[in-house]
Amino acid sequence: MELQKFTYDNKLTNYFIWATVGWGLVGMLVGLTLALELIFPNLSGEISWLVFSRIRPVHTNAAIFAFVGNGFFAAIYYSMPRLLKTPMYSKALGNIHFWGWQLIIVLAALTYPFGFTQSKEYAELIWPIDVLVVVIWVVFGLNMFITIINRRVKHIYVAIWFYIATWVTIAVLYIVNNLALPVTLTLSYPIYAGIQDALVQWWYGHNAVAFFLTTPILGMMYYFIPKAANRPIYSYKLSIIHFWALIFLYIWAGPHHLLYSALPDWAQALGVVFSVMLIAPSWGGMINGLLTLRGAWDKVREDPVLKMFVVGVTAYGMATFEGPMLSLKTVNALSHFTDWTIAHVHIGTLGWNSMMNFGMIYWLVPKLFKTKLYSAKLANAHFWIATLGMLFFSIPLYFAGFTQALMWKEFTAEGFLAYPNFLETVTQILPMYYLRAFGGTLYVIGAVLFIYNVWKTAAQGSFVRYENDEAAAKAPAKPKESFHRRLEGRPLQFTVFALVAILIGGLVEIIPMYLVKSNIPTIAAVKPYTPLELEGRDVYIAEGCYLCHSQMIRPFRNETERYGEYTKAGETVYDHPFLFGSKRTGPDLARAGVKSLPNYKPDSWHFNHMINPQKVSPESIMPAYPWLADNEIDLSVTPDKIKAMRTLGVPYAEGFEDIAVDDLKAQYAEIAKGLRSSGIEVGDNKEIVALIAYLQRLGTDVYNNK
Amino acid sequence: MATDNINKSHDNEEYEIDTLTNDRLIKDHNYDGIKELDNDLPPWWKWLFYLTIVFSIVYMIRLFVFQADDLIQEREYQLVIDKSAKENPNTKSTGTFEIVLLTDKSDIEAGKETWIKICAACHLVDGGGIVGPNMTDNYWIHGNSVEDLYKIVTNGVIEKGMIPYNTQLSEEARLQVVSYILTELVGSTPATPKAPEGNEY
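Going line by line, the protein sequences match chains R and A.
When we follow our numbering, the leftmost residue of the first sequence carries the number 1, and every step to the right adds one.
When we follow our numbering, the leftmost residue of the second sequence carries the number 707, and every step to the right adds one.
These are calculated hints, taken from the structure and not from any lab test.
Given the structure is predicted, the values throughout are model-derived calculations rather than measurements.
Incorrect hints may appear among the rest.
No farther apart than 27 Å at their CA atoms in a straight line, the calculated lysine-lysine pairs in the DSS-like style are these [what the hints assert, rightly or not]: (1) A:K733 <-> R:K474; (2) A:K752 <-> R:K329; (3) A:K857 <-> R:K595; (4) R:K595 <-> A:K866; (5) R:K595 <-> A:K818; (6) A:K789 <-> R:K568; (7) R:K5 <-> A:K741; (8) A:K818 <-> R:K615; (9) R:K227 <-> A:K741; (10) R:K595 <-> R:K665; (11) A:K741 <-> R:K372; (12) R:K478 <-> A:K741; (13) R:K409 <-> A:K741; (14) A:K733 <-> R:K409; (15) R:K673 <-> A:K866; (16) R:K474 <-> A:K741; (17) R:K409 <-> A:K789; (18) A:K792 <-> R:K568; (19) R:K329 <-> A:K823; (20) A:K823 <-> R:K615; (21) A:K789 <-> R:K329; (22) R:K478 <-> A:K733; (23) R:K480 <-> A:K733; (24) A:K823 <-> R:K480; (25) R:K527 <-> A:K866; (26) R:K5 <-> A:K818; (27) R:K154 <-> A:K733; (28) R:K299 <-> A:K741; (29) R:K154 <-> A:K752; (30) A:K741 <-> R:K367; (31) A:K741 <-> R:K370; (32) A:K733 <-> R:K227; (33) R:K665 <-> A:K866.
The shape of chain A in the complex, shown without the other chains (with noise of 0.2 Å):
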């Protein structure tokens, strides 16, 4: 490096000598009391500043001359995609689903959770409604069975605000949670429920 150069003024001049270290000082370099010593570089840091130097050079070539894909955001997403769609081509849907109320303990438990989570933000979480209606009277805007409590969460009504869950929620948790909602959310006293909509059923 050119820069190893830089003392060569001071070569032929006396050098004192900096007694703890025995490093020598560089003549005239004294600032407000404060003394340089001519050390060099420490190698181990030069190889370290090439290093990261030659890894810039690569990356560049990378992308310019070669275009890597994990380089080039958009390549690099659609390859992501089309990984993803290709290992589990039916990830949201099992074809043959059967959409009856579940009873078991476990898929209650596991209704009421999804329901806790995602459906409490609009229903809140003892089902009174706020921007949502009341799931525990016995009013429903869209009919009360488990074939339509469940077409309601995956298509949703969105002029309404209700948003579809298929693409968030499997198809067995979707059916979860509308068998809690029929099972213990109807019928329950909410602390501020809201006014009744739709029809009495």
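Excised from the complex, chain R in its bound form (with noise of 0.2 Å):
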């Protein structure tokens, strides 16, 4: 058969590489800053732009979509054309792509710290920047489905298979979840409320878990321990059952972000039963990934980019045990918003996502510049650096989570709880801050040294932009092929199948929560937000509050002693976004306004507390906003939110929009009043009386109604 020449261009691998190196720097400097900022709560000295709360999300983009992102597109890059001998369908659009992607990451790092948010998790972009996402996306698609299309190779490869999936179900998962109606050009809220909307965001969220930070990096993993290793791959049927289970099954599992909160019970179970099952078909990824190595075991111990592998597939398996058992409601009772969350987490990114592009960065940096790796001796002290760093980071989160959730948990023998107040109990963990701090400190230093080595590579090698290969053209498919093979040689009816297969566990768990009334039971004392406590939501959010409060007191004795009444699903109805919370770093705030409760603080405490928290609560580690007393709220927008939140079926009466500024102005000044009679003089329009005002507002609804 004759053999087709073609070449395959090395620069946007190159690119995106140096962009992974690059932003993972980045990203984990500010995780650093943020453990210490924990530890030192006004470290970032009074700066609005550094204080954790605006930067949390810089960090957790940044790893996501900029170093994980740009890692899994630099295997794409490289990996695709190879498997499927052809080169990349389009220069230009892989240039959109990459100049693209590159601008979403500092737009996204210019709009966080400003207070610029959506305040979903993982989906913080405002709406301008999620339509370029989108755009981007579109653009990626294109260029990898006609790649695909133009093919020599009959049959896709696993690791296709994996990038497929990847690419579908982002683009579903984040079309939907940031489904919002814009106010002004930086502020739109979501279509949902409540907890319609805190289902629809844990399914995009944990699913962005799954498909941005496990399907592509197992696609990686199929490409890159083989060629690493020189080994085949040690099962082709274990590849295709542990392929569709894992999509499949994975879509199901968002609620178990929502476990014991006003989600109905049917849709926690499957949650709960969903990620229990994901036990195996994620393992199934980690035993390919390992039994791979069989007979090359003596090159793991000499070669960093193979014992890289191997740490970033044991983690995938530690993570993925792990996160089936927080599932189990009695587990996940004692971890849910503690520091055993974010222990977990970052097996995940540090284990996982990190080592799998340290290994790849290593073993493709010398393939591209023609050259060896400049030092095996520094890349193995970075794998026992980020090893260890990994190690600190986590043993001390999961001690401080434990002993946390116990501490809230414990009651005296005469039935009032054990640590009434919650300081106490945050106080009692901080040691292991400092462990944590210590062990980031740890696996940067190891990014460094990683840096610096393919820095080093890349410099003493030169750059092997284009590479000369050559295939027979594509072979028609063979008689009696079984399902799967046929399957293999049908890229796009492949693509749907893998849709259909992560559309069912989504549509199964959103829909009859807007078709079900009895999911949502109405309660009639709830009413909406006034325009003054609006504005101050608005305000919640841009401060990014819900980051470390949580509102959703769960049904535990512990919880209703120190809170008050469990939050009901009708008490959520009109948020547009949710403002659960997935942490509490502080206290929770589900009933901060209700008088009789044992939270409760007067609105001067508020204003103090938010201007120096220390002064009120030495021992705190939340962080000063003196910037709210000084920042005013813009009340020529407060009409439009008003008619915004009615569209989406908040019930202000028609008209309200008109006299709205009016009805904020006189609750504000009831406000000024009575923080001037305790010695507190504030100026008009400030943000900090329309944040106090939402405060006093929390929870109460249900209260006066008794």
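Two chains, two frames, some hints: make the complex.
Right under this line is the structure:
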């Protein structure tokens, strides 16, 4: 058969690698800053755009979308043409993809610190940037699918299956979760409210982990491990079974982020069982990766690339066993809202994602620059430092999470909470935060060695931009192929099957939440927010308060004792977006405004506390927000906010927007008067008053009705 | 499992053998030099998968058919509350409790601890007051007897932002903190005293 000649262009692989390296360091440094801010709360020096709650999304987004994202794009742009024996379809689309993606990351870093956020975790980008993400994702998809169509290899390899699943699922998740009604260029409200919004968000959030941090990395694993070890894949059958099981089951597991919340029992149960069923499909990937190294273990001992891969895949196995365990309600009752979750996700990111990126880059850069790795010794040092860093990061946080959960739950013999002051449970675990920061520092040191090493490697070689290859034209399918083999020869059909597989779980969970009324029993006493409270809510979102304070009281004796009546679904129906939070670094605020509850604090306390938390609680680790007393709310947008909420179904009376500002000013004057009587002078339209109004409203509707 | 037959078409073809493991390679599976072995699913893995599926079916039956208490949130919560109420029906009141100033060093120390943990958030650690009134001077809004202070701590003055502490602190702890205020704080010199409020006693 005649061989056709063609050429691969390594330019974009190279670009994506350096983007991975650079953003990786940025993401880790921001993470380390956050770890230090939790120990020294006013490290940010009262600079608003450096405060913990504003830069936490910079860290998560940089780690996920910049570091891991660019990493697997590098993997795709390198492996896909070689697996399909055809160059990537379009250099122009590739360039748009690369530069567009970097632009999105820069825009994220320029918006979050200044309070422009949608507040949904890992989907914080404001709506115009969301549109850009969709455009760039489509550009990437076009380039990928046309390349697949142009292939010379009849059957697509398992790595490509995972790339396809990644692309279709992220497209579906991202669009559905970000559906929102724009109010201004930088502000929008999601079309979903309260518990429905929470369900959609965690369907997205959980599957961002599945389809952005897992499936593309499995694709990466399936190419780079056999390549680096020069060994065949352990089992083709296992590839098939674990691929389809993984993508079908994963999508259902989102509700495990909402266990013991106001989500109906049936939806929580689905989240539990589908998480448990994920153990085997996840481990299928781990087994296929590790057993591919059979016969090459002697190489693993010496080769830093393979070492990185082995720890990466092992961390994947650990995290995917722990995940289902955390999805059991009894375990989740302890782990949720604590640092346990933070430890868990960092096994995934520092272990699985980062090690896979490191391994790939240590293997790829010498290839691209036609040279040897500058220093295998340095890479080995990096390997050990990173592994230790991961352990020093996670083990203290497991201990911290467990300790704090037990303290929250402890009662005295007389029936009182043993630790009624939330802060006591924080100061108890503070030493663990020091250890975590130490682990993080180690990890960053390792990353610096890594960058130095790959930089020197590139410098000592010369970049091979074009590589020639040859292959026969695509052969027709053979007769008597098995069903799956035939499907591998029909990538578009394959894509449709994958789409169907990932749609089922989401549809079964989300649609009944809208159509079946009994899922969200109406509570007549629950009324929309006043205009001032609504403005305060937007301040709460912009400052990122939800990142440390939950608004979801779970049906546990200790929580109802500490925070009041547990949260009901019907109380959240006007919350666009929901603000349940996922971590309690500070106490829950769901009923912060209910005067008869232990949590209640008067307006003047909130004022003093926001300006200088340590003045009222010397050991508090909350940072100061003094700018809230200077910044003003923009009253010109208030009527539009009311109108937008009404469009979304919040029952503001027709024409209320015209008197909204008057209403706001009247409520404002009342609060300002109260503050004045406590000796606090506050000017007009300050954000802090709106925020206090919002906090004092929280959870009160059902109590006032009693 | 149906997938066990996936490679049936290969059965009558010649196999290449991987020399390091003696496993069979699948013919024609070569992707940029990557080959694939024809190994079966590891049995323990298959059983693990079946086990989780069985677990899930049982779980769903327990929820939908038997409506198990531990899977229905409201009921699970109510059972815990009922149980704790039954085990200790008078958890928060000992019935007969004498309200007199405590003078034992250990009581004053315990009172100080409660003061720092709870009260200081509004009255500051040194009692100088910020959101709540100054507790070191001789001015009192609601009286200065042990009974007066005990009543305030127990029932609160909600319109002024002082919440009732009868749900958070035992009777003993409340009396200890009141005793601490009256014996240690009153008459001391705080760093930034709040202006006097109420009447001089």
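Results for each hint:
1. A:K733 <-> R:K474: holds (17 Å)
2. A:K752 <-> R:K329: Holds - the C-alpha atoms of R:K329 and A:K752 are around 25 Å apart, at most 27 Å.
3. A:K857 <-> R:K595: holds (18 Å)
4. R:K595 <-> A:K866: holds (10 Å)
5. R:K595 <-> A:K818: holds (25 Å)
6. A:K789 <-> R:K568: holds (23 Å)
7. R:K5 <-> A:K741: Judged against 27 Å, a Cα distance of about 22 Å means the pair holds.
8. A:K818 <-> R:K615: holds (18 Å)
9. R:K227 <-> A:K741: holds (10 Å)
10. R:K595 <-> R:K665: OK: R:K595 and R:K665 at ~23 Å, within 27 Å.
11. A:K741 <-> R:K372: The hint holds at about 25 Å.
12. R:K478 <-> A:K741: holds (19 Å)
13. R:K409 <-> A:K741: violated (54 Å)
14. A:K733 <-> R:K409: The given pair, whose Cα atoms are some 60 Å apart, is violated under the 27 Å limit.
15. R:K673 <-> A:K866: holds (14 Å)
16. R:K474 <-> A:K741: Holds, because 18 Å separates the two Cα atoms, which is no more than 27 Å.
17. R:K409 <-> A:K789: It holds: about 16 Å lies between the C-alpha atoms, which stays within 27 Å.
18. A:K792 <-> R:K568: Roughly 26 Å between the alpha carbons, so the hint for A:K792 and R:K568 holds.
19. R:K329 <-> A:K823: Judged against 27 Å, a Cα distance of about 32 Å means the pair is violated.
20. A:K823 <-> R:K615: OK: A:K823 and R:K615 at ~14 Å, within 27 Å.
21. A:K789 <-> R:K329: holds (20 Å)
22. R:K478 <-> A:K733: holds (13 Å)
23. R:K480 <-> A:K733: Since the Cα atoms of R:K480 and A:K733 sit roughly 14 Å apart, the hinted pair holds (cutoff 27 Å).
24. A:K823 <-> R:K480: Between A:K823 and R:K480 the Cα gap is close to 76 Å, so the pair fails against 27 Å, i.e. violated.
25. R:K527 <-> A:K866: holds (26 Å)
26. R:K5 <-> A:K818: Violated, at roughly 84 Å.
27. R:K154 <-> A:K733: Judged against 27 Å, a Cα distance of about 14 Å means the pair holds.
28. R:K299 <-> A:K741: Given pair R:K299, A:K741 holds - Cα atoms ~19 Å apart, limit 27 Å.
29. R:K154 <-> A:K752: violated (30 Å)
30. A:K741 <-> R:K367: Given pair A:K741, R:K367 holds - Cα atoms ~21 Å apart, limit 27 Å.
31. A:K741 <-> R:K370: Within the cut-off at roughly 25 Å; holds.
32. A:K733 <-> R:K227: With Cα atoms ~19 Å apart, A:K733 and R:K227 stay inside 27 Å; holds.
33. R:K665 <-> A:K866: holds (23 Å)
Consistency with the previously given hints fails for numbers 13, 14, 19, 24, 26, 29, ordered from lowest to highest.
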